[in-house]
Amino acid sequence: MESTRVDRWLWAVRLAKTRPDAASACRGGQVRINGRPAKPSAMVSPGDEVRARVGDTTRIVEVARII
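In my numbering, the protein residues as written are 1 to 67.
Honestly, the hints are just simulated from the structure, not real lab data. Virtual Cβ for every residue (Gly too), placed ideally from N, Cα, C. This list has only true hints and no planted wrong ones.
25 Å max Cα-Cα, derived SDA-like pairs, lysine to any residue:
#1 Lys39 / Ile67
#2 Lys17 / Met43
#3 Lys17 / Ser45
#4 Lys39 / Gly29
#5 Lys39 / Glu2
#6 Lys39 / Val13
#7 Lys17 / Val54
Ranges between beta-carbon positions, derived for each pair:
#8 Ile67 / Asn34: 12 to 22 Å
#9 Glu2 / Asp56: 28 to 38 Å
#10 Val13 / Lys39: 10 to 20 Å
#11 Pro20 / Met43: 13 to 23 Å
With these hints in hand, go ahead and build the complete structure from the sequences.
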């Protein structure tokens with residue numbers, strides 16, 4: 001199955017402006033994969049649910065494909 005790092009994926013789908021911003025959000029506890037806290041190196045695959053806190057908003061997205 002195809003997968004990629006969550007920090008790279010967050011940057012690719014533009015939920016984070018830069019990859020370091022995405023990694024920082026993960027380390028700060030603002031990103032969850034399938035309900036579990038995610039480190040920047042955590043892997044995401046199609047079908048996973050990613051919750052990312054962006055400013056005051058929590059975005060809930062499903063990974064449809066790897067970019």
